[in-house]
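Here the protein sequences line up with chains A and B, keeping their order.
Numbering of the first sequence is given in the working numbering, commencing with residue 1 and proceeding in unit increments.
Numbering of the second sequence is given in the working numbering, commencing with residue 1 and proceeding in unit increments.
Don't take every hint at face value.
If you want the ones that stay clear, here's a sample from chain B, every Cβ over 12 Å from chain A, calculated [stated by the list, open to error]:
| hint | residue |
| --- | --- |
| 1 | Ser28 |
| 2 | Met29 |
| 3 | Thr45 |
| 4 | Ser74 |
| 5 | Val78 |
| 6 | Pro82 |
| 7 | Lys103 |
| 8 | Gln108 |
Which bits of chain A does chain B cover? Going by a derived footprint, with three or more residues having C-beta under 8 Å, they are [unchecked claim]:
| hint | stretch |
| --- | --- |
| 9 | 13-26 |
| 10 | 37-43 |
| 11 | 85-98 |
| 12 | 102-110 |
Treat the hints as calculated values from the structure; they're not laboratory data.
Ideal Cβ positions, reconstructed from N, Cα and C, are used throughout, including at glycine.
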Amino acid sequence: DTGVSQDPRHKITKRGQNVTFRCDPISEHNRLYWYRQTLGQGPEFLTYFQNEAQLEKSRLLSDRFSAERPKGSFSTLEIQRTEQGDSAMYLCASSRLSSGANVLTFGAGSRLTVL
Amino acid sequence: DQQVKQNSPSLSVQEGRISILNCDYTNSMFDYFLWYKKYPAEGPTFLISISSIKDKNEDGRFTVFLNKSAKHLSLHIVPSQPGDSAVYFCAALSNAGGTSYGKLTFGQGTILTVHP
């Protein structure tokens, strides 16, 4: 399977704890995106990488959030000092650099529940 | 502000009939539009897209229509099948500035149920 992989699929944590999600994109895709989806809403853009460079961050991404993509391969999204409002589905997606750049392939997501 | 809106939270149709899902947008800079389908416990899956230079794009049972003057797009599924039952999201982006990347703005989604 050469799709976008995300781990873990589910994470339950207590408020104030740190959590980290991992995303493995499609290998030939240069661009990698993180989106967040809450109940009853569509996905919202958080940030994106082109290779290892983080090129844009949404204002939704507070200082408690940090994303990395070392070596331009997999990416991690860390949330420090989690709050109940962080509970959501965190979706990773990837796309090509040129042809088809507008079409994102999404992973199944990592669902976070903050108690 | 909700720049992409899907005003119908749900739609129920009979198998074999047409499903029409609607989407409105407010940002005139949007020039590329996509429809994604999402099954439970899976990520959104790309379905069909349309550039603002076109007013129609067709792929098998799926056709997307774009009315730029009304800032409205619709997805037609003919004939509808029970396997089409899913949440459908429309999404839009702007390629302005010559930098094309996937910063999609999504609608809230419409739950489509196709009854046998």
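For each hint, the structure was consulted:
1. Ser28: The assertion about Ser28/B holds, with a minimum of 18 Å to chain A.
2. Met29: Met29/B clear of chain A: closest Cβ-Cβ about 14 Å, beyond 12 Å.
3. Thr45: Incorrect as stated: the minimum Cβ-Cβ distance to chain A is 7 Å, not above 12 Å.
4. Ser74: holds, 17 Å
5. Val78: holds, 23 Å
6. Pro82: holds, 22 Å
7. Lys103: violated, 5 Å
8. Gln108: violated, 5 Å
9. 13-26: Our answer is that it is violated, as 0 residues pass the Cβ test (under 8 Å) against chain B, missing three.
10. 37-43: holds (count 4)
11. 85-98: holds (count 3)
12. 102-110: holds (count 8)
The structure does not agree with the numbered hints 3, 7, 8, 9 stated previously, though it agrees with the rest.
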